[in-house]
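A.B. asks: Could you put the whole structure together from the sequences, leaning on the hints where they help?
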Amino acid sequence: GAGVSQSPRYKVAKRGQDVALRCDPISGHVSLFWYQQALGQGPEFLTYFQNEAQLDKSGLPSDRFFAERPEGSVSTLKIQRTQQEDSAVYLCASSLSGGRPKDTQYFGPGTRLTVL
Amino acid sequence: AQRVTQPEKLLSVFKGAPVELKCNYSYSGSPELFWYVQYSRQRLQLLLRHISRESIKGFTADLNKGETSFHLKKPFAQEEDSAMYYCALNPNSGYALNFGKGTSLLVTP
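Protein sequence lines, in the order shown, are assigned to chains A and B. If you count the first sequence from 1, position 46 lands on 46 in my numbering, and the numbers rise without skipping. If you count the second sequence from 1, position 51 lands on 1051 in my numbering, and the numbers rise without skipping.
Keep in mind the hints are simulated off the structure, nothing from the lab. Being a predicted model, the structure only gives us computed values, none of them experimental. Take every hint as true, because none was put in to throw you off.
Ranges between beta-carbon positions, derived for each pair:
hint	chain 1	residue 1	chain 2	residue 2	range
1	A	R81	B	G1058	44 to 54 angstroms
2	B	F1014	A	R81	43 to 53 angstroms
3	A	R64	B	E1008	27 to 37 angstroms
All C-beta atoms, glycine included, are put in the ideal place defined by N, C-alpha and C.
C.D. replies: Structure representation (structure tokens):
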């Protein structure tokens, strides 16, 4: 079946612009995660949803970052007033049930954001 | 604080040679440890997890709580094993994965 999909795959923004990154999880997956992966680094956790509830947003680096999942399916990560340090690959992952550690997280292909 | 350390940024071995990718972690509780792999132009995918005690594609990893390590091993490397490998930790009370910086494995003929 279809895996996690993300769009756009590549995004170039001028500093100060707002961007919106979309994630379509695997159908029926309850949990959804966003990670940020800077060049040469491993992915770093940003935020976690269980259905439409955002249970953890402790990894969001600033109040310019905002994520939502209003109907418990598609999620959008929004970054306002982008800065050069926001340049990274943004990964979305989903897992079947309530975020228990034993659930495998399935990753999307990522969105590569470049802020000029 | 949780931390995952992969000391090698790049590891190059010949085909047929044994390979070991190192992973050390710091966590006061009993974490769950994973290895994720990313082949060229593919997405990140789970390779194996310590609780399953399984061998995937010939790779194994044993959790050593005394040394706080979870090294990934394969006795005979293959060219198709060339990829980026990430060790990740999941605290037993949480859900977010804490990744190391990754090791790029290059298997040459």
